[in-house]
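Engineer: Sequence:
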Amino acid sequence: MNETAVSFAKDFMAGGISAAISKTAVAPIERVKLLLQVQHASKQITADMQYKGIMDCIVRIPKEQGFLSFWRGNLANVIRYFPTQALNFAFKDKYKKVFLDGVDKRTQFWRYFAGNLASGGAAGATSLCFVYPLDFARTRLAADVGKPGAGREFNGLADCLKKISKSDGIRGLYQGFNVSVQGIIIYRAAYFGIYDTAKGLLQGSPVQRAQGHGWRLRAGPVRRAEEGPLNPHCICCFFNITVKSG
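Sequential numbering from 1 applies to the sequence shown in full-length UniProt numbering.
I should point out that these hints are in silico values taken from the structure, not numbers from a laboratory.
The structure presented is a predicted model; accordingly, all values stated were derived computationally and were not measured.
Keep in mind that a hint or two might mislead.
For each label pair, taking beta carbons as the anchor points, the in silico distance ranges come out as [claimed, not checked]:
1. T4 - M55: 46 to 54 Å
2. S7 - R106: 25 to 33 Å
3. A14 - K63: 23 to 31 Å
4. V98 - L202: 20 to 28 Å
5. D159 - V6: 33 to 41 Å
6. M55 - D101: 51 to 59 Å
7. E3 - I170: 25 to 33 Å
8. M49 - D101: 53 to 61 Å
9. I79 - G146: 29 to 37 Å
10. L202 - K43: 46 to 54 Å
11. F67 - G200: 43 to 51 Å
12. G156 - A190: 31 to 39 Å
13. T4 - Q50: 15 to 23 Å
Think of the CB as a built atom: it goes at the ideal place given N, C-alpha and C, for glycine as much as any other residue.
Use the sequences and the hints to build the structure in full.
Structural biologist: Rendered as structure tokens:
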């Protein structure tokens, strides 16, 4: 294994570990946010049982569902990081060969920039086709407000995927996909388009050489940035479609 491959593997694993820790740390906040977003559409939360706000939700979750319920859906959220990142970078390189073949980044800047945008958007959309069921399961698990045991709709990630595919077929795992893919195309196009264009233009420049390792250290967190659409309206719409499908 050459030095570049080893460096990428270390970066990839470091990104995965840091993502797992950060996602687990903020999982309670994410679950509270999700429940507040979807409670009006949830069949499990009746009108008289709806949460009155953030603090009411934080207090009632451990009382009604148990303390560990703050992390419902977190396993799926952590697991999806690795295939998502691997597929994004793999597909991006493939699409760059299609969109940027023969394009000179110095003399054809706008074509180069547009090619990076297209590569990023296409890579994000293609990757989502593979990992979306995990995203869907994570939302359904987090929206499940049943008590541990008989009151819960799902008893974990595997049970969630199994029950949904059994009742609705494979298509059932892709409910809300159209909304999510629109957001991911825009997000990944900007994410890869801007970063790859800047990196390509600065590569080999006196600025990069002067910064040396500092450039790579600052670029690392950018490469490991969180996947997913940034538009909150898109996110909320996706959550509501997902929960209503249950």
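Engineer: A separate judgement is required for each hint: does it hold in the structure or not?
Structural biologist: Taking the hints in turn, this is what the structure says about them:
1. T4 - M55: 46 to 54 Å: Holds, since T4 and M55 (Cβ atoms, about 50 Å apart) stay within the stated range.
2. S7 - R106: 25 to 33 Å: holds (27 Å)
3. A14 - K63: 23 to 31 Å: violated (38 Å)
4. V98 - L202: 20 to 28 Å: Since V98 and L202 have Cβ atoms about 24 Å apart, the given range 20 to 28 Å holds.
5. D159 - V6: 33 to 41 Å: Since the Cβ atoms of D159 and V6 sit about 38 Å apart, the hinted range of 33 to 41 Å holds.
6. M55 - D101: 51 to 59 Å: holds (56 Å)
7. E3 - I170: 25 to 33 Å: About 42 Å separates the Cβ atoms of E3 and I170, which means 25 to 33 Å is violated.
8. M49 - D101: 53 to 61 Å: holds (57 Å)
9. I79 - G146: 29 to 37 Å: violated (22 Å)
10. L202 - K43: 46 to 54 Å: The hint (46 to 54 Å, Cβ to Cβ) holds, given that L202 and K43 are roughly 52 Å apart.
11. F67 - G200: 43 to 51 Å: holds (48 Å)
12. G156 - A190: 31 to 39 Å: With a Cβ separation near 35 Å, G156 and A190 satisfy 31 to 39 Å, so the hint holds.
13. T4 - Q50: 15 to 23 Å: violated (53 Å)
Comparing the model with each numbered hint stated earlier shows that hints 3, 7, 9 and 13 do not hold.
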